[in-house]
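Protein chains in written order, with the working numbering: chain A, 29 to 599; chain B, 547 to 804.
These are calculated hints, taken from the structure and not from any lab test.
This one's a predicted model, so the numbers in the text were calculated from it and none came from an experiment.
Among the hints, erroneous ones may be present.
Straight-line alpha carbon distances no greater than 20 Å define the calculated EDC-like cross-link-like pairs of lysine to aspartate or glutamate that follow [to be verified]:
| id | chain 1 | residue 1 | chain 2 | residue 2 |
| --- | --- | --- | --- | --- |
| 1 | B | K782 | B | E671 |
| 2 | B | K611 | A | D121 |
| 3 | A | K72 | A | E149 |
| 4 | B | K584 | A | E541 |
| 5 | B | K678 | B | E781 |
| 6 | B | K634 | B | E702 |
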Amino acid sequence: MIGRQFLITGMVWAIIGGLLSSLFRLQLGWPEATMSWLQPLLGKWVEGGKLAPEFYLALVTMHGTIMVFFVLTAGLSGTFSNFLIPLQVGARDMASGFMNMLSYWFFFLSSLIMFASLFLETGPAASGWTIYPPLSALPQAIPGSGMGMTMWLVSMVFFIVSQLLGGVNYVTTVINLRTRGMSMSKLPLTIWAFFLTAILGILSFPVLFSAALLLVFDRSFGTSFFLSDIYIAGQALHNQGGSPVLFQHLFWFLGHPEVYIVIMPAMGMVSEILATNARKPIFGYRAMIGSLIGISLLSFVVWAHHMFVTGMNPFLGSVFMFLTLIIAVPSGVKVFNWLATLWRGNIRFTAAMLFAIGFVSLFISGGLTGIILGNATLDIQMHNTYFVVAHFHLVMGSSAFFGLFAGVYHWFPKMFGRMMDEKLGYIHFWLTFLGVYLVFMPMHYVGIAGFPRRYYSWTGFDAFSQFADLNKFISVAAILAFFAQFIFIFNFFYSIFRGRRATENPWNSTTLEWTTPIIPGHGNWPGEIPAVYRWPYDYSKPGSEVDFIPQNVPYSQTPSSNLPYERELAE
Amino acid sequence: MAHSTTLQPTAAPAAYADAPRTGTWDGGNEPFKASYGKLMMWFFLLSDTFTFGAFLTAYGLIRHKHGVYEGTAKAFHFSSAYWPTPEKVFNAFPGLHGMDLPLAFVALMTMILIFSSVTMVLAVEAGHRMDKADVQKWLLWTILFGTMFLSSQAWEWSHFIGGHEEGTRMADGTIMYGANLAANQYGPPLFADLFFFITGFHGTHVFSGVALLVWCFIATTNGTFEKRGHYEMIEKIGLYWHFVDLVWVFVFTFFYLV
Chain A
29 MIGRQFLITG
39 MVWAIIGGLL
49 SSLFRLQLGW
59 PEATMSWLQP
69 LLGKWVEGGK
79 LAPEFYLALV
89 TMHGTIMVFF
99 VLTAGLSGTF
109 SNFLIPLQVG
119 ARDMASGFMN
129 MLSYWFFFLS
139 SLIMFASLFL
149 ETGPAASGWT
159 IYPPLSALPQ
169 AIPGSGMGMT
179 MWLVSMVFFI
189 VSQLLGGVNY
199 VTTVINLRTR
209 GMSMSKLPLT
219 IWAFFLTAIL
229 GILSFPVLFS
239 AALLLVFDRS
249 FGTSFFLSDI
259 YIAGQALHNQ
269 GGSPVLFQHL
279 FWFLGHPEVY
289 IVIMPAMGMV
299 SEILATNARK
309 PIFGYRAMIG
319 SLIGISLLSF
329 VVWAHHMFVT
339 GMNPFLGSVF
349 MFLTLIIAVP
359 SGVKVFNWLA
369 TLWRGNIRFT
379 AAMLFAIGFV
389 SLFISGGLTG
399 IILGNATLDI
409 QMHNTYFVVA
419 HFHLVMGSSA
429 FFGLFAGVYH
439 WFPKMFGRMM
449 DEKLGYIHFW
459 LTFLGVYLVF
469 MPMHYVGIAG
479 FPRRYYSWTG
489 FDAFSQFADL
499 NKFISVAAIL
509 AFFAQFIFIF
519 NFFYSIFRGR
529 RATENPWNST
539 TLEWTTPIIP
549 GHGNWPGEIP
559 AVYRWPYDYS
569 KPGSEVDFIP
579 QNVPYSQTPS
589 SNLPYERELA
599 E
Chain B
547 MAHSTTLQPT
557 AAPAAYADAP
567 RTGTWDGGNE
577 PFKASYGKLM
587 MWFFLLSDTF
597 TFGAFLTAYG
607 LIRHKHGVYE
617 GTAKAFHFSS
627 AYWPTPEKVF
637 NAFPGLHGMD
647 LPLAFVALMT
657 MILIFSSVTM
667 VLAVEAGHRM
677 DKADVQKWLL
687 WTILFGTMFL
697 SSQAWEWSHF
707 IGGHEEGTRM
717 ADGTIMYGAN
727 LAANQYGPPL
737 FADLFFFITG
747 FHGTHVFSGV
757 ALLVWCFIAT
767 TNGTFEKRGH
777 YEMIEKIGLY
787 WHFVDLVWVF
797 VFTFFYLV
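Hey, can you work out the whole structure from these sequences and the hints?
Okay, structure coming up:
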């Protein structure tokens, strides 16, 4: 239930976030056009047919905030951790149902505040999703640093509380509530991913909490934590001795683990879906767990690669560069394992499988540019250009979205007892997949040419006018890809009520959630909770007369396919 | 995809050897021998550690950016040019006006808080024995010590805000007494900002701890835990209380000792 609440709230946010991006893509694609037709929607922000520059900044800020936090953090791990953890580890429910509910309602409250800030007269927060001070700390600097920023911070505080409540619940459930026989090395990779994601959240969000509180004090109570030596409108401020770079350190100590909080649940679900639909065991199960752990550990020691141009000591920069590039190792392990899982598989191209393969593709394309940006020297050239925008939209934005879609298509039967329409799923996949590449591939070129991100208009720079057609192209692709998502929305809601009825185990999957009734009631299993005897990836096991053996089948029932050590266990 | 080919486990595994494994981490039990509630408290405290860690790191970084006083202890005077020496700032004691007692009062506060941890342990221990009267007694002592600590902090703050009698001549020629968030007589503005913020944040934690203890006391008196058959709630709140105590040790070290 709570999973579904998170999912639907996340979908509403995704539509809002996508709509905002369409608006600023309109501005970037057709900077000279008259936009008075948007007046009914945006009112004074398009006075005289031109999008207000302050509003443009607010649009990119809110697009980032909404997508990163509200959709890909709460909507993704909120949905699937709450839904899948109890079902896949064999628990009646999450450890604390009450805290679970609190975590949703804190998220809801935080959503309400953020949503209300969109309608402020001075506009929502406008200093980028990273809300760097001093811009975000000084209400007199831009309209967006007024009430909009205050509400942003308040909303984020509630959001962090929600994350913490959810996180401790996920972790304790995985530790304490696994069913008999479900050792850590028999957990599906989804659970490993959710488990480590929750740990990252527990350890990194509190640091954002600290940064946000300090910023609240700087904004509202006259402290100088992040402020020093500032003249604004010809007046010297009293603030002395603070450091805006300190904020960046605190922010990115969350900010970098945050991208793994976004991507790891998707990785887990993709591993599961690839194995199920390739009818093969996941390649390198233990290596997959090891690489997830490796990524989690490394994610805490690389944050300053977002800050190569803050004037840090070049030696420190090279340390962070070294650590950053090491992440390519576990990421590479995962990618090759996914490819090896697909290799010579008996692939069933379900909609979920297409999105899972799409995820792998996007993760590779986006990951390669990560190696470029991780290099301090190259980053100085690329910093704050569209190259960065293209990189993270591919590797964490679109990839995580693909993981989300794959998860929804795959577990929809368990959530709603009906199947989603496969044909519409194919159309949705191809439009989205092509859309994403058509948007972000050209963006790399624009970025290499030095086109800076967050600029309202580039028509004043001769160097960039040659990219007018490319920008127009990107905008068309982005807006089309946005509209393609309504196919999914339609499919989703139509299938809830009218979809084909699901069977108990429509994908012939081995994990425990498919041993429950079609719609699991309270307590998930009507009788005793099944015990677990084997790992979750017994697909196409040699010697077996069936092509999948669920986790709750003891070895004594599968004499034909048991390996030598398993034979010992059965006797 | 025919359903008939699907393997379904039969009713119960016949052979004993086929039963699921039962090791510590094999599922079906609590690997840390702790209930989910206690685990949650531990993870919350871990998270809170990072919150305080971030504040103290910020403190370290900002302090490092500021000048250091190089002269002799005798010649020390307040100036916004360098970070003040804590013994010169915190040298007052209630009722002993005009005496130079460096860190005496904060040492007393620290003692009070440490004593509250001792009484907390005794309350938890009494809970294990299911001794309602003892739990009540030790909870009351803990609440008392907690409240004493908060009151002392209130005095400490008001003295810090009120300032030393002589005051300090500031850069603009005026004489500044005490401290606020924008300026203070002791040193750079951030000295007071960080003091207020971090001790305030810790004080808020102590305050919520006292509130939780009061709630525990009421629940104990009403027999809620007795009916439940265990006093685990006291244990959980106790974990929190010790954590807050431990954080104080760090705050004390960074703000008063070094």
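Here is what the structure says about each hint:
1. Between the alpha carbons of B/K782 and B/E671 the distance comes to roughly 13 Å, so the proposed pair stays at or under 20 Å and holds.
2. With a C-alpha separation of about 51 Å, the suggested pair B/K611 and A/D121 falls outside the 20 Å cut-off, and the hint is violated.
3. Distance restraint check for A/K72 and A/E149: the Cα-Cα separation of roughly 9 Å lies within the 20 Å cut-off, and the hinted pair is therefore satisfied.
4. Simply put, B/K584 and A/E541 have alpha-carbon atoms about 27 Å apart, too far for the 20 Å limit, and the pair is violated.
5. The straight-line distance between the Cα atoms of B/K678 and B/E781 is roughly 14 Å, inside the 20 Å bound, and the hint therefore holds.
6. For the proposed pair B/K634 and B/E702, the alpha carbon gap of about 14 Å is at most 20 Å, so the pair holds.
Of the hints listed earlier, those the structure fails to meet are numbers 2 and 4, in rising order.
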